[in-house]
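> Here is how the chains run, residue by residue.
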Amino acid sequence: MNEAPLVGQQHRSLDDTPVRVVSARPTLSTRLKTLWSRRELLIGLVWSDIRIKYKNSTLGIFWSMLSPAFTLGVYFLVFSVFLRNGIPNFVIYLFSGLVVWNMFQNSINTATGVIVDRAALVKKVSFPREILALSNVGAAVVYFVVQLVVLIIFVAALGHAPAWRFLLILPISFLSLYFFTSALAMVMSAINVYLRDMKHLMEVLLQLWFWLTPVVYSYENSIAPHLSRRGLTIIYFLNPITLIVVTFQRVFYVGTVVKSTVAPYAKINILPTWSFDRFLELNLALFAVTVVLFLIAEAIFGRLEGNFESEL
Amino acid sequence: MVAVIDVQDISKSFKIHHERNQSLKERLLHPRTGSTEVFHALNNISFTVGQGETVGIVGHNGSGKSTLLKCICGVLKPTSGEIRLRGSLAALLELGAGFQTELSGRDNVYLYGAMLGFSKNMVDAIFDEVVDFSEIEQFIDTQVKFYSSGMYVRLAFAVAVNVDPDILVVDEVLAVGDERFQAKCVDRIQRFREEGRTILFVTHNADQVRALCDRAVVLESGDMIADGATQDSLRIFREHLMQDAVAHDSAQLLGTITIDSVTTPEGSFDIKSGSGLHLDAAVTSQTAYSGSFVIELFTRGGLLVSRSDAQGSPVNLLPGRNVIGIDLAQVPLLDGIYDLNVGVLDHHANTVIAWSEKAASIQVTYDGREGGIVELGASIRQQ
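The listed protein sequences correspond, in order, to chains B and R.
Here our numbering is used: position 19 in the first sequence is 10, and no number is missing along the way.
Here our numbering is used: position 100 in the second sequence is 306, and no number is missing along the way.
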């Protein structure tokens, strides 16, 4: 047996090793530091999540595209072919919004029940518990990237040029999506420990939320124009997912006002006609808000996790 | 010596729900139904473990020793107080709890390593050793769900001891695997000690503590009742066990018998190696009782030399003072001081009715050339 690595460490000194403190209520900064120091575990959990999900399936990770592709197909048929909404290149419009929505929905749906599902682990191994929720978000990010690649191929195949300049805003928008999703995922996973109905409630709420977000309908068809006439556009964007979806659509779909394909001279006001600066400004503001939400969520999680062991 | 584990005034209480209402409907409709009770598992525990110490945490079931350990490992958060830790920690608690049964042994080694807080590079470096130690080379790429329970635990143990921790926390897991694997585990723990690492060892098995620990902390229903040299702590532990047994004794037997003294007719406990020894134990009993009598002999190092109840031959105690004679036909021990414990057990030798720890110390002198504890009288010749 090769035991070499253990030899020669007899006299190692721990004098200058940092001290870790286990206490009743660690401060937020300590929690964040611990979380950051365990990022390798997060990556490990994300990969094991994905591997387990597709372990015994022949198509593997392609399943992560098949289901969204099916949804995309159905919405396209219903809204563009049967209901004839007249939006040209509707598939791209739909796809760029769905990519964002899928990531959000996937994360929240899986993360809400994760602490309860992994109770055995939570009660026996020491690690920051929010990593479990974050690993579900991480897995959703991987599927998101896969879908984004497909979207890009799609856009290229249709010869549709994206709004190159707006591409710069995309990373900011994605980070907002990540932080907002993570924040909600953490809080929901913790609340679900105390109220087991949360998981089912969230599934229903997410459906409602989906239809409140302009993914399958256009900005024009939403309540946004009515609100903006009264100067209340902000209310529409209180749903953080909206701005992110709209930004993705602005980047990949590009057109803000397009000619209808069904009524010859009609125009459809499909996206807000903001300038680049306005988009950037709003996205930066949302980013700041989501980071704050993430910190608040981390603090709430810290409060709630103290009693996990008596509830699990 | 650097304090590696510094437990400062730790308390832990649990809420116990008598009526579990975890559905939203129940909470909304009956917000106040179901009583909760607060259970104090640990009360203001403080102690320090220095680098290189092997400390045992002893206590019977429900004394809070596992809760304390979980707090130290960070699985549970204390209700108040804090614990300061220096260096990396690997816990042999609930082995294999972090395993994903759908994944292969290989993947699990990495995942479990990450869960213990070790990087991929560190696990890479010890991977072969882990596989070697766990003795499951041929199954390492098999999904863990097909492992036998022994393989499962062996793999987990192998990861935990090979990740090179500064602090090792062991919770009654030495009962895993077959005897050969157990010996390997004890060996590994011994080597950890020699390497100057810190070990925290939790058990209710006093013999294991005596064999492995320099110091012992005794817990009793959430309170720390002793923290000191293994021998002293274990004595307190045993005394408390007795008191506890008295409190829970339905036959009201305990406490009715006391061992007053152990003497020799000569008044001296100094003997020459190889000679015999006669001891008289004075036992006071309030009732007539028939049970068995046990003697234990320990070295000062805490090694059990012998435990005997003389083949279960009964002693019949009469109300009042009894003298029980103990004859040791031959004491083939080498130079040293040996501590004697005596006790009265029930017929089945299950329940201790009376116990006297360190009832006497025997000083043995030996003038031969053998070393160790016992004289085997070895002779060596060429054939």
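Keep in mind the hints are simulated off the structure, nothing from the lab.
Possibly wrong hints are sitting among the right ones.
Taking lysine to aspartate or glutamate pairs in the EDC-like style, the calculated list, with each CA pair at most 20 Å apart, reads [as the list claims (entries may be wrong)]: (1) R:Lys231 / B:Asp40; (2) R:Lys221 / B:Glu296; (3) R:Lys283 / B:Glu296; (4) R:Lys326 / B:Asp40; (5) R:Lys231 / R:Glu259; (6) B:Lys46 / R:Asp466; (7) B:Lys115 / R:Asp347; (8) B:Lys46 / R:Asp347; (9) R:Lys351 / B:Asp40; (10) R:Lys564 / R:Glu581; (11) R:Lys231 / B:Glu302; (12) R:Lys564 / R:Asp429; (13) R:Lys283 / B:Asp268; (14) R:Lys390 / R:Asp466; (15) B:Lys44 / R:Asp347; (16) R:Lys283 / B:Glu289; (17) R:Lys351 / B:Asp108; (18) B:Lys24 / R:Glu343; (19) R:Lys221 / B:Glu31; (20) R:Lys283 / R:Asp476; (21) R:Lys564 / R:Asp476; (22) R:Lys231 / B:Glu194; (23) B:Lys44 / R:Asp429; (24) B:Lys114 / R:Asp377; (25) R:Lys326 / B:Glu31; (26) R:Lys283 / B:Asp188; (27) R:Lys221 / B:Glu289.
> Check whether the Cα positions of Lys231 (chain R) and Asp40 (chain B) lie no farther apart than 20 Å.
violated, 32 Å
> Decide if the proposed pair is consistent with the structure: Lys231 (chain R) and Glu194 (chain B), CA atoms, cutoff 20 Å inclusive.
holds, 17 Å
> Against the 20 Å threshold, does the CA-CA distance of Lys564 (chain R) and Asp476 (chain R) hold or violate the hint?
With Cα atoms ~16 Å apart, Lys564 (chain R) and Asp476 (chain R) stay inside 20 Å; holds.
> Take the C-alpha atoms of Lys46 (chain B) and Asp466 (chain R), compute the straight-line distance between them, and say whether it is at most 20 Å.
It is violated: about 69 Å lies between the C-alpha atoms, which goes past 20 Å.
> Measure nothing beyond the straight line between the CA atoms of Lys44 (chain B) and Asp429 (chain R); if it is 20 Å or shorter, mark the hint as holding.
It is violated: about 46 Å lies between the C-alpha atoms, which goes past 20 Å.
> Is Lys283 (chain R) within 20 Å of Asp188 (chain B), Cα to Cα?
violated, 26 Å
> Need the status of pair Lys115 (chain B), Asp347 (chain R): alpha-carbon distance at most 20 Å?
Roughly 25 Å between the alpha carbons, so the hint for Lys115 (chain B) and Asp347 (chain R) is violated.
> For a C-alpha distance cap of 20 Å, please report whether Lys231 (chain R) and Glu302 (chain B) respect it.
holds, 17 Å
> Going straight from one Cα to the other, do Lys221 (chain R) and Glu31 (chain B) come out at no more than 20 Å?
Roughly 33 Å separates the two Cα atoms, so the pair is violated.
> For a C-alpha distance cap of 20 Å, please report whether Lys221 (chain R) and Glu289 (chain B) respect it.
This hinted pair is violated, its Cα atoms lying about 23 Å apart.
> Can you confirm whether the C-alpha distance between Lys24 (chain B) and Glu343 (chain R) stays at or below 20 Å?
violated, 37 Å
> Holds or violated: Lys114 (chain B) with Asp377 (chain R), Cα cutoff 20 Å?
holds, 15 Å
Going through the hint list in order, the structure does not satisfy hints 1, 5, 6, 7, 10, 12, 13, 14, 18, 19, 20, 23, 26 and 27.
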